[in-house]
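Starting from the structure of chain A, add chain B where the hints point.
Chains A and B, in that order, are what the protein sequence lines are.
Counting the first sequence from 1 gives a position; my numbering is that position plus 14.
Counting the second sequence from 1 gives a position; my numbering is that position plus 3.
Since the hints were made in silico from the structure, they are not lab data.
No residue lacks a Cβ here, since even glycine has one placed at the ideal position from N, Cα and C.
A hint or two may mislead.
To be verified - If we take Cβ atoms under 10 Å as the criterion, some of the chain A residues that face chain B in the derived model are:
{"#": "1", "residue": "61"}
{"#": "2", "residue": "64"}
{"#": "3", "residue": "68"}
{"#": "4", "residue": "76"}
{"#": "5", "residue": "77"}
{"#": "6", "residue": "78"}
{"#": "7", "residue": "80"}
{"#": "8", "residue": "82"}
{"#": "9", "residue": "83"}
{"#": "10", "residue": "85"}
{"#": "11", "residue": "86"}
{"#": "12", "residue": "88"}
{"#": "13", "residue": "89"}
{"#": "14", "residue": "90"}
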Amino acid sequence: MATTPVSTLSKHVRQVIDEALKKYPEGRQRSAVFDALREVQHENHGYLTVELMDAVAAYLKLEPIKIYEVASFYSMFETKPVGRHSISVCTNISCMLRGADEILAHIEKKLGIKLGESTPDGRIYLKREEECLAACAGAPMMMVDHKYYENLTPDGIDRILEDLK
Amino acid sequence: MSEQVINIEIDGQPIKARKGEMIMQAADREGIYIPRFCYHDKLSVAANCRMCLIEAEKSPKPLPACATPVTEGMKIYTRSVKALAAQRASMEFLLINHPLDCPICDQGGECELQDLAMGYGRDIARFAEKKRVIKDENIGPLISTFMTRCIYCTRCVRFGQEIAGIQELGDTGRGERSRIGTYIGRSVDHELSGNVIDLCPVGALNSKPFKMHGRGWEMTQTESISPHDCIGSNLYGHVLRGELMRVVPKANQDVNENWISDRDRFSYTGIASNERLLNPMIKKDGAWLTADWETALTAAAGALREAHGDAGVLASPSSTVEELYLLQKLARSLGIHSIDTRLRQADFRDDEFEPVYPWLGVSLAEIEAQDSVLVIGSNARKEVPLLAHRLRKAALRGAAVMFLNPRHYEFLHPVAAEITAASGDLPDTLAAILKAALGRKSAPTHLKDVLKSQEVDDQHRKVAEHLLKGERKSILLGHLAQQHPRYADLRSLAAALADITGARLGYVPQGANTPGAWLAGAVPHRLPGGRKAPLKGLDANGMFAEARRKYLLMGIEPEFDCWNSSAAMHALHDAEAVVMITPFVSERMKQYATVLLPGATFAETSGSYVNAEGRWQSFSGMTQPLGESRPGWKILRVLGNFCGAAGFDYSSSEEVLKEVKAATEGVNPDTVFKGSRIVTAGEKPKGYQRIAEVPLYSTDMLVRRAAPLQQTRDADNRWLRLSPADAKKLGVAEGEQLSADDGLASVELPVLVDASVAPGDVFLAAGIPETAAFGAFHMQLQLAKPE
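Here chain A stands alone, though its shape is the one from the complex (with noise of 0.2 Å):
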């Protein structure tokens, strides 16, 4: 079982797992465990260490490898550190069609870096493969941490890459 102590998690993390669980019978605390990584991600500048995965196991009396697993499957989870803002650009079919192969390459040109990669200063992380974002009224459109920017053109694109600090 999990070694590392449940005190790698923060008070505030500790009360969402505490409040998610409630939502769940009892000996289902497995389904608590979305909940759970997404805050300890949250806080953890935008990923999951295998210490802090340990913790959320520890603390949901589980095997660490269930929450590995949770956590390797989702792309909202990342499980090596990445830079402060997620960039997800939409390539599927109706954003394609709108052209989301040249918003993307116009955005690695200009960040200098390729799909899954990092900025060196650690400001921009440019997520690989999003799927369709549900948007496709907006497309071409790309998630910038949690907020859907639509209808994208190159020199928009700039404006809000300037803006991510």
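Just chain B now, kept in the frame of chain A:
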């Protein structure tokens, strides 16, 4: 599941099926084979490989046989054009990423994927893209990984979740990047983990010690029985060019089901240890000489005859019935009555009240069906892994499985009550449970005084309540209880508790053949068949406390196997002669032995074991004994002739067995043990008390020499386990060195702080080299920080 029977038809054959069961189950019962990878009858249904797709009437699409329940009148086609097309398509998908490395794969020739690909695979792949490659993890010394071959059936993952009770392997990542592993590259440590090797349908998880050692079709298969614990697991040994190359389970649902423990699976690696004794040897003027059998046997027989009865005879409880019968026959015919196999027991006060032989009191399968079980003094998982598995199944079924132990042990199932008490307080705690169970009833007279002083708390009451409820109830005395210095008190109290609650009292026998040893008469107070011995000799501890002139030891290393190793060492060093029948010899053994007779391991002899439920199981040798070594029964037979003993003219082990069977004819174990009336008011021990646990991989000579097992986490036992209060008092933190001294020996070991240990108790393993010089399993210790 409902027992309602319905009619279905598979491939035109009308069959009966149970309502609600899956098509796969009905087909398997009828012997109709449907191809599968992820389905396994001991695991939950995953339905992720899609290999078992079949056609069912009225279903527009093919259905997975493993996950489709049967319905009345269902017509199923497993080999129709549509079914075969679906199965072929599944196979094509499975082979997309599977490497074509069968010639160098250990699974080659016994691979489910390879076999089915022969029937279903296309001769040309339509998939021209690159195959994905997965980097392998090191998951420990027992299981090798080659995860590029994995087809994601998740049998190994489900085994962890459902059978082992702890998930160590998982499916991380997703899509093409999905992989089976530990994610962090840690070892897989569960004591049954090796079973994933058998479960894996491809060459992804294989036996590491067997890696690149042989092919399935080159080896001959022989049945055998595990010599390591009281389950008597059924085994297959695979032999190549006279060498035992690997051991796998033979399914026997009444005994080991489909599983064996890692100890059973990998102990064979010790057979050819470089400490193997290959020739008879005798010590002359302090120097060891290799001798021929005749010279060695003459020396041994001379020594034993000259003892005139003043000798001690000790044997491993994992010796066969035949060996033990001959051993006691030889000893008794020479007037030697001190013969024992209870090497790790110290308290023999209630010998005369013992049952015909110690056993579980119920069958292994019945353990699962108990309503409540109280286990006293047992780290069940590490004592007898497959017994712990049965207890786990009972607990998952809803039984109240409870423990009374000197410290907390990890159990991977719901535990209805766990009471930990200082080792010295275990009898009192058991008395308190008894008092709670008595309620208003008056106590048996012999217990009145002991019970009067007990304080009953809620935990005691909870255990008592569970034992009073329900129909099928068991109280089991584990190895730690049997090693306790007040075992007789524990047993007397447990028997009284069983009496009051209507539970059965049982024992977890040590070694593979303790019941057989009793039946064969290899105890000082009983003759074969459990008859009372007219002349009672000394017990295993007594024959070292009162040193004998000569000793005959079979299959043991007293420094690791006896309750008081330092007393044993002193007595043996001072003895005139120590004759050892042993497969292995160490430098330490050469110091006290005088005649070494090379014995065979379990793999090289025929014989019989009686397991924890009283089941007799005979096996034959899988290989020839190494070097000049010989099966124990043959050595004893010839030694009997050399000693001039009568009735030692056997020509096979079966003849010996026939004689034992005749002597034990009609003997049945008592189902209810009355127990003795021995109860002493416990004196509280003073100072630090050593409590010895025998680790999983230190139990016997063979296991201690199995290199892969010695590299596991379970083999790391060089720790002084203390309570936090004592650690504070001594000013040590976890991991720091502390010196322990029992007046005879001193050793420095790292500290492990355990909040479940009672202040004053110090757990220090036995059976490991670091503590071989130490005294008894339970004794006072001086602890200090090293200078």
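Hints versus structure:
1. The beta carbon of residue 61/A is not positioned within 10 Å of any beta carbon in chain B (closest approach about 15 Å), and the interface hint is therefore violated.
2. The beta carbon of residue 64/A is positioned within 10 Å of a beta carbon in chain B (closest approach about 6 Å), and the interface hint is therefore held.
3. For residue 68/A, the interface hint holds, the least distance from its beta-carbon to any beta-carbon of chain B being 9 Å, beneath 10 Å.
4. The restraint placing residue 76/A at the interface with chain B holds, with a minimum CB-CB distance near 9 Å, inside the 10 Å limit.
5. Given the 10 Å rule on beta carbons, the hint for residue 77/A holds: about 5 Å separates it from the nearest Cβ of chain B.
6. The restraint placing residue 78/A at the interface with chain B holds, with a minimum CB-CB distance near 8 Å, inside the 10 Å limit.
7. For residue 80/A, the suggested interface contact is upheld, since its CB lies about 6 Å from the closest CB of chain B, less than 10 Å.
8. Residue-level restraint check for residue 82/A holds (minimum Cβ-Cβ distance to chain B is 4 Å; threshold 10 Å).
9. Taking 10 Å as the C-beta cut-off, the interface hint given for residue 83/A holds, the closest approach to chain B being about 5 Å.
10. This hint holds: residue 85/A has a C-beta 8 Å from the nearest C-beta of chain B, less than the 10 Å allowed.
11. With 10 Å as the threshold, the beta carbon of residue 86/A comes within range of chain B, its nearest partner Cβ sitting at about 4 Å, so the hint holds.
12. Interface hint at residue 88/A: satisfied, since its Cβ lies 8 Å from the closest Cβ of chain B, which is below the 10 Å cut-off.
13. Residue-level restraint check for residue 89/A holds (minimum Cβ-Cβ distance to chain B is 8 Å; threshold 10 Å).
14. Evaluation of the residue 90/A hint against chain B yields a violated restraint, the C-beta minimum of about 12 Å exceeding 10 Å.
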